[in-house]
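Please work from the sequences and hints to get the whole structure.
Chains A and B are the protein sequences, given in the same order.
Counting from 1, one number per residue, gives the positions in the first sequence under the working numbering.
Counting from 175, one number per residue, gives the positions in the second sequence under the working numbering.
Hints are computed from structural coordinates only; laboratory data are not their basis.
One or more hints might be untrue.
[Said to hold, decoys possible] To give an idea of the interface, some chain A residues facing chain B are shown, with a C-beta separation under 10 Å as derived from the structure:
{"id": "1", "residue": "51"}
{"id": "2", "residue": "68"}
{"id": "3", "residue": "69"}
{"id": "4", "residue": "153"}
[What the hints assert, rightly or not] Listed below are the simulated BS3-like cross-link pairs for lysine-lysine, each with C-alpha atoms no more than 27 Å apart in a straight line:
{"id": "5", "chain 1": "A", "residue 1": "83", "chain 2": "B", "residue 2": "226"}
{"id": "6", "chain 1": "A", "residue 1": "85", "chain 2": "B", "residue 2": "226"}
{"id": "7", "chain 1": "A", "residue 1": "110", "chain 2": "A", "residue 2": "48"}
{"id": "8", "chain 1": "A", "residue 1": "112", "chain 2": "A", "residue 2": "64"}
[What the hints assert, rightly or not] A short list of chain A residues far from chain B (calculated; beta carbon distances all over 12 Å):
{"id": "9", "residue": "25"}
{"id": "10", "residue": "29"}
{"id": "11", "residue": "45"}
{"id": "12", "residue": "49"}
{"id": "13", "residue": "116"}
{"id": "14", "residue": "133"}
{"id": "15", "residue": "157"}
For every residue, glycine included, the Cβ atom is placed at its ideal position computed from N, Cα and C.
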Amino acid sequence: MLIRHTAALAAMLLLGTAPLAQAADKPTDPQIAHIAYTAGVIDVEAAKQALKKSKNKEVLAFAKDMVRDHEAVNVQALDLVKKLKVTPEDNDTSKALTKAAAGERAKLAKLKGAAFDKAYVDNEVAYHKQVDGALETLLIPSASNAELKSLLETGLKIFQGHEQHAEHVASMLK
Amino acid sequence: MVPKRHLWIALALTVIAAPVKAETIQVTIDKLVFSPATVEAKVGDTIEWVNKDMFAHTATVNGGWEVMIPPKKSASLTLKAAGAVDYFCRFHPNMKGHIAVAP
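This is the structure we're talking about:
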């Protein structure tokens, strides 16, 4: 829990303060592509864990939706970086996101049944909110390539949709 | 004097022409937006959703009908009842549409 929050905080600090910092601190397009792709991979991995552990019909359906949508976004992202001849570049934000996600998965691995379902769905709400914020305040404004910006904008709508979907599933678990 | 047969044809044409023809109304889905978001239709009309996204969507009415719209595919629904309905995508509830169905 502490690890997760520390890493999440690190990610939020990185994401949140960058627009106020000097232009040199803004992520570059190869970094943005890496962050966006990583954010998708993290959610697919979380969903795959849920597909293995959950028995709840709503949770399983939601997890399947996450795998399907995020894999579709990432196929588009890979096609785009190939077309633009951009090599996604690992960076501190991607690393913080990955580390936080690993901590979350380890925490969820210890839970079962309804406790797992609730923790997974609650984290999905929080995670999508966090990524929405990063996309809106940092990644989209920082992207210089128009096609990358457009894909990120579609990604934002997908993430916002998932956040609402996760909130709906959370309300059904209560 | 008009031959009886001609009158009959004229009458038949009138009867056939009288009811308003059912239409197919297209709603495009592009980048998670239903467009147009609001459509006006009549009972018997068909709504055809054309999904240009790589994502699966639905057109869902709470407590009512649901149409699954696979990625890069189209799906249709013939409107059976009059009234106004709000619909949304169950996978992405931020996608919203409205259909006003006249009798």
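Against the structure, the hints:
| no. | hint | verdict |
| --- | --- | --- |
| 1 | 51 | 16 Å, violated |
| 2 | 68 | 7 Å, holds |
| 3 | 69 | 6 Å, holds |
| 4 | 153 | 8 Å, holds |
| 5 | A:83 / B:226 | 20 Å, holds |
| 6 | A:85 / B:226 | 25 Å, holds |
| 7 | A:110 / A:48 | 15 Å, holds |
| 8 | A:112 / A:64 | 19 Å, holds |
| 9 | 25 | 30 Å, holds |
| 10 | 29 | 20 Å, holds |
| 11 | 45 | 19 Å, holds |
| 12 | 49 | 20 Å, holds |
| 13 | 116 | 22 Å, holds |
| 14 | 133 | 16 Å, holds |
| 15 | 157 | 4 Å, violated |
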